[in-house]
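Using the sequences and the hints, build the whole thing.
Protein chains: 2
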Amino acid sequence: MRELEERIIKDGSINPGNVLKVDSFLNHQIDIRFLETLGEEFKRRFDGKNITKILTIEASGIGVASITSKYFDYPPVVFAKKSKTSNISNDVYKSSVHSYTHNETNHIIVSKQYLHKDDYVLIIDDFLANGCAVLGLIDLIKQAGAHVAGIGIVIEKGYQEGGQLIREQGYHLESLAIIKSMDGDTGNIQFVNNDE
Amino acid sequence: MRELEERIIKDGSINPGNVLKVDSFLNHQIDIRFLETLGEEFKRRFDGKNITKILTIEASGIGVASITSKYFDYPPVVFAKKSKTSNISNDVYKSSVHSYTHNETNHIIVSKQYLHKDDYVLIIDDFLANGCAVLGLIDLIKQAGAHVAGIGIVIEKGYQEGGQLIREQGYHLESLAIIKSMDGDTGNIQFVNNDE
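Same order as they appear, the protein sequences are chains V and X.
Going by the working numbering, the letters in the first sequence line up with residues 104 to 299, in that order.
Going by the working numbering, the letters in the second sequence line up with residues 104 to 299, in that order.
Simulated from the structure, these hints should not be mistaken for laboratory data.
Check each hint, because a few of them may be wrong.
For identical chains, the list gives no copy identity; a pair is met inside one copy or between any two copies.
[Said to hold, decoys possible] Dumping the calculated EDC-like pairs for lysine to aspartate or glutamate here, alpha-carbon to alpha-carbon at most 16 Å:
| hint | residue 1 | residue 2 |
| --- | --- | --- |
| 1 | K197 | D221 |
| 2 | K185 | E161 |
| 3 | K283 | E144 |
| 4 | K173 | E139 |
| 5 | K124 | D194 |
| 6 | K215 | D126 |
Below you can see the structure in the form of structure tokens.
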């Protein structure tokens, strides 16, 4: 999505450790009008799919998932919660997600009340890198016996394995921008062209 | 706000310890169409105020803050992040918030880039009880030299001290529903009538 790539180039920065920082518009400060254009684009890419629920993970997925809902005629947005403890009640589905950024394993949980076997779930998240978070969300959906209707990502780090892993499993994954490479010294960011 | 009170009565439940659970539409599963009616009501209550930024706190404030933005002509939404560590860099404003629910103290931080002295900030959050979270957010705004334009809360627990504390300090606080009392045995919920 050209508009997103341009915004990343204009407002993103590359931090030490080759970390892309886009927190001026996506995941600390949020540009809601811009998120509406992302939501519209998700609708275009998943058009014709029957979506009964949007699933994301706290915290930075909640904004884009919430704004995206209206373009799919307002399915409920459910966000998985992170929990340090494995001592969790029986009325939740749980999975575990390792964060390499923070070097810790979180349990993620969703109340069984909010995922049902007749749900067609669109997963939405801001970033896809090694794929751990998305695989954890898929696991929750499977535990509920529900269907993964698709996975919509704002920014995919194409040089990490998550995207390939998920596509190879046959899921319909759409990333609005896919980064091919970044150079922290020059600030140069290259994208995979995936506009349809 | 009558519509919200009716929704709380219909879909809320009172858990042990007199904890009001509204996670079927507000803070785990989110009804986005309903949040739009809340956003419209915030606009009505803070009409005429110049709002340059909306500030909330992760995770459950992000949905309602994001949906509210468009009714104020799309000011950026900034969410304060929670951090366990006090060892935080110099480029953030930080405050501390004690959570009685989880019995822990979190540091909350906002990047200095996203709060400026010429900002008129509307604080939005889902719940107000003892007021610790809102007071922490006010502290961040003051550190930036910015202005608190108002505080919009979805559900205030009127029997806890937060609301009084904040109103006594002269802030314009609007809570869309104020709970006067709850009875876990009967499920009865009484509201303070604050419709204008």
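To see whether the hints hold, each was checked on the structure:
1. K197 / D221: neither (19 Å within a copy, 44 Å between copies)
2. K185 / E161: both (7 Å within a copy, 12 Å between copies)
3. K283 / E144: neither (21 Å within a copy, 44 Å between copies)
4. K173 / E139: both (9 Å within a copy, 10 Å between copies)
5. K124 / D194: Answer is between: at 14 Å across copies they meet the 16 Å cutoff, but 37 Å inside does not.
6. K215 / D126: Between copies, since 12 Å is at most 16 Å while 32 Å is not.
Checked against the numbered hints given earlier, this structure breaks hints 1 and 3; the rest are met.
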